[in-house]
Every structure is written in C-alpha cells, then in structure tokens.
Amino acid sequence: MADIAERSPPAPEPAARRPLPAWVITTISVVAVLLLWQFFGRDINPVFGSYPSEIAYAFVALARSGKLWAALVESLKPFAVGYGLAILIGVPLGLVIGRFRVMEAALGIYVTAGYAMPLVALVPLLVLWLGLGFAVKAAIVFLMSLFPICINTWLGVTAVPKTLIEVGKSFVAPDSVILRRIILPATLPYIMAGIRLAVGRAVVAMVIAEFFTTISGLGAIIINSANNFDTATMFVPIVLLMVMAIGLNSLIGLVERLVAPWQAEIAGRDQS
Amino acid sequence: MGEVSLVDVSKRFTLRIGRETQTIQALSDVSFTVRDGEIVSLIGPSGCGKTTALRIAMGLETASRGRVTVDGREVKGCGYDRGMVFQHAELLPWLTARQNVMFGLEMKGMRGAELRETANHYLDLVGLTDSHNRRPHQLSGGMKQRVGIARALAIDPKVLLMDEPFGALDAQTRETMQEELMQLHERTRKTILFVTHDLDEAVLVADRIVVMREGRIQEILKVPLPRPRGDLGIARGTKEFTDTRYRVWKALHADAPTVH
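So the sequences go chain by chain: A and B.
Here the first sequence is numbered in our numbering, starting from 17 and rising by one per residue.
Here the second sequence is numbered in our numbering, starting from 907 and rising by one per residue.
Keep in mind that the hints are not guaranteed to be accurate.
Said to hold, decoys possible - Below, in silico cross-link-like pairs of lysine to any residue (SDA-like), each with a Cα-Cα straight-line distance of 20 Å or less:
#1 B/K1156 with B/E1146
#2 B/K1064 with B/T975
#3 A/K185 with B/M1013
#4 B/K1014 with A/P190
#5 A/K178 with B/R961
#6 B/K982 with B/G972
#7 B/K1064 with B/V913
#8 B/K1064 with A/V188
#9 A/K185 with B/R961
#10 B/K1014 with A/A79
#11 A/K93 with A/L142
#12 A/K185 with B/K1156
#13 A/K185 with A/A209
#14 A/K185 with B/K1064
#15 B/K1096 with B/R941
#16 B/K1014 with B/C984
Calculated directly from the structure, the hints in this document are not laboratory data.
For reference, chain A alone in the conformation it holds in the complex:
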C-alpha cells in the first residue's frame, strides 16, 4: 500500500506526435541516396560512372549553352502528341472492348498481344512507313503508351458492379448513356492508373525513337555524350527525364482528384 501512496503522479501524456508528412520522408530519402551516390561514386572511373556534383556541373553547362532546353522542347513535341493520342484513343477503345462482348472477342486479343509487342524490333519498319521525322517518333510513343491505357480501361469496365448498371437499366437508360454516365465514371480510377502507367513507357519510347530514327532531342545528347565518354553529361537528360516523369505523375494525380474527388474520399486518402 505504502509504495502506491508514494508513487509520483503519472507523467503527463506525451503530446500526440503528428506523423511526418510524406514529402519530408521523400526528401530525406532522396538526400540520403544522393549522399551515398556522391560518396561512393567518386571512386569510380569517370568513364564508367558519375556522381551527383559532376552531373550538376554538366547540367549547368548544358543549360547555359541553351542546348538542353532546345533538346527538351524537341523531345516533348512528339511525346505530347503520341501520349495525348494514346489517351484519346485508348480510353474509348478500352471502354468499348470492356462493355461489348463482341468487341472484346474481336479486338481484345490484339490489345493483349500489342501490349507485349517488341516495339524496338518494329522501329525499322515504322521508319519505312513514316520516314525519319516527327511522325514516326510520335507513332512510337503512341504505340508504347496506347496499350497500358487501353488494357486498364478495359479491366476497369469489367470491374464495374453489375448492380450499378442495373440502376441505369431500371431507369430505362440507353446503352450509350449507361456507358457515359455510369461505366465511364465508375472506371475513372482504373483509367487514371493506366494513364499513369503509360507515362513511364512513353518516356522510354521517346528516347528509343530518338536513338533509332533521326538522332535528336534529349536522346541525341545522351548518345553524343556517351560517344565522347562524357558520362556526367550523359546523365543530365536521363535525370531530367526521370524528374519529368515524376512531375507528370503528380500532375495526373492532381487531375485525378479534380475529376474523381469521390475516389480519394472513399479510400480515405483525402487527408494526406
């Protein structure tokens, strides 16, 4: 009994700790990786590898000369056209394939096969058809990004609960209205996921196009600096492209919240 009485009053409860915001964790992670790369990268022969500070110097030099921005714009044009077309065509195509049994049976097989198509091997053929310029680059980006968008949309349609479609039917909605006003919004999260997945493939396609058709844009900087054993400069467009993909990805996330705000709310992600 005595030692209960003597026990000091309970310590005040520690103030509830707010969890670290996601961007802080991401920043810490990036800084740590860069530091490790900087530390160990310096021991490597500069022909075989590079490290952040060297790449940063190369970046400044390239940016000052104006070459980097010109190349970026040159690369982005076919990227935007090909990627944009892939969304414009892939989403309706996926909706139709997912919705109509006949379309699924007739076209589904090409979409599935197209996703696995070794596009690099077909580039020479595409060059014969479309030449070496802008058109073939846009086509390569288009073909690489079309299939993930289309397949995701298609899968999304097949995942729409049957009862929601029955709601449309019970109010005598025609097929076209059911597709536009029930299936399309119900599929949006899948569509957005497909569009995100396609970013990575579109970026890769863009560089492939610049390697194997007219050497141009950021791809040209990569090839030329690699040929000159200027590894640091070679890394500049590579890093730039990866940063660009991250930016595009968050932009798409933002668009997703704008067009499908209920999704984040339902999943309980609206607080973050």
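Mind docking chain B on chain A? Use the hints.
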C-alpha cells in the same frame, strides 16, 4: 391506377457445375396481383425465388414462361411505370444525393428548373433536404436508402418494387424506416411490392403477404392490421400482429421437409 400482376411466371436457370449442367427451377407458375395502392410482402427463405420474382416484375430478368402486367397491359423490360429500390440502395457514388435523385428524372427526359424542383421535393419527402449535397459515402445506411426510395419515387411510377430495402440496416434504423415507409405510403398511395425475409417486417408493412417456398407460392395471407399504422411499436403489441405472424410462420414451416 397502379396494379401489377405476375401471371403463371416460371423461371429456369442453367448452371454449369464442373462438367455437368444443372437446370434450376427458380420459379414455377407464380401468379399474384398487387392491387392499386396495396402493399404486398413477398416472403420466404433465401433461394425461394422471391427476389427473382421481383426482378422479373421490374424487367431486369426475363421469365422463361408467363407474363407481367401493369394495369392489365403486358410489359417487356424496364419502364417508368415501375420504380426499383435496390437492396443496398445502389446510389451512384460520384453523384450527390440530389444528383442521384435527378438521374432517374433526367433519364425520363426532365430538364431545367423542373428537374431540380422535383428532386428537391422528393428529397424533402424522405427528410433529406439538408443533406442534398452529400455524396453516398457521407450518408448513413438509412439515409442512403432514403435517397434510393426518393430516386424511385421521383419518376412517379405506378408501382414501387422494393428488394429487401431495409435488410442491411441495423434493427433500430430498420424500424424507423418501416414507419417512414408507412407515412410515405399514406401520402403517395403507391402500389408496393416489398420483398423481405424478415417475418415481423412482412407483417408490419403489408396488406397481404405472399409466402414463397422453393419457387412456388405456398400461401397468400391477409394482414388484418388497420391503416394508417402510424406507430408500428403499438401495432407489434396487437393480437392481430401476433396471430398473423404465427400464421406466416406456420406457412413457412408447413410440412417442412426433414432437415437436410
């Protein structure tokens, strides 16, 4: 007017189980009429075909034989003469409560100010005036089903078809909803076909009860409870309720096959 009849309705499903195909007789010669302004409960154990019968009445499924008539005219497929209330409300998650009510009205061709006002009127009727801007995930189970009822009522159907509408709600909410349905019925005088597996509910809401077992009608019973039934708690205490409940229970268990 609003009278719905099922006439000799049969339904067969073909199921594939492994390599064998099995034909299941979901409904055999089911015939009954819900008269104008009447509420009829369709009750039976799960798998007895009650939901199938309702879905055929709505036009979401087709009968293998027999027909469905509304006011004597045979109907094929869905129509605005029938309004469906789904088991889990099935609101469109990307629309607000009011937009969900407006959906059916828009399908019916209503536009402009009339559209908004009609939707507001029916939200008002189910007591959701203040929640019209909420999306389904911001509504409780009972509120969701109220929107579902408003959506079906808004198109002003002759018949309301309700598929276990309160089955997924907790007991207290269910009782509130039953009373609200009674009030709605007093005001709108809609003909209602009400599918349920809850014995008490079947007796409390209905004028007549169709008891189904294994795809057939076992018995059709009258409920001698008077209307209006404002307070269902009081109705529960009456001898008529207890007697009817027992009769339905007996019909459900009559010459019950030995437990298998």
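Hint by hint, here is what the structure shows:
1. B/K1156 with B/E1146: holds, 15 Å
2. B/K1064 with B/T975: holds, 12 Å
3. A/K185 with B/M1013: holds, 10 Å
4. B/K1014 with A/P190: The hint holds at about 11 Å.
5. A/K178 with B/R961: holds, 14 Å
6. B/K982 with B/G972: holds, 12 Å
7. B/K1064 with B/V913: holds, 18 Å
8. B/K1064 with A/V188: holds, 15 Å
9. A/K185 with B/R961: holds, 12 Å
10. B/K1014 with A/A79: violated, 61 Å
11. A/K93 with A/L142: holds, 18 Å
12. A/K185 with B/K1156: violated, 38 Å
13. A/K185 with A/A209: violated, 28 Å
14. A/K185 with B/K1064: holds, 17 Å
15. B/K1096 with B/R941: Since the Cα atoms of B/K1096 and B/R941 sit roughly 10 Å apart, the hinted pair holds (cutoff 20 Å).
16. B/K1014 with B/C984: holds, 12 Å
Comparing the model with each earlier hint shows violations of hints 10, 12, 13; every other hint is respected.
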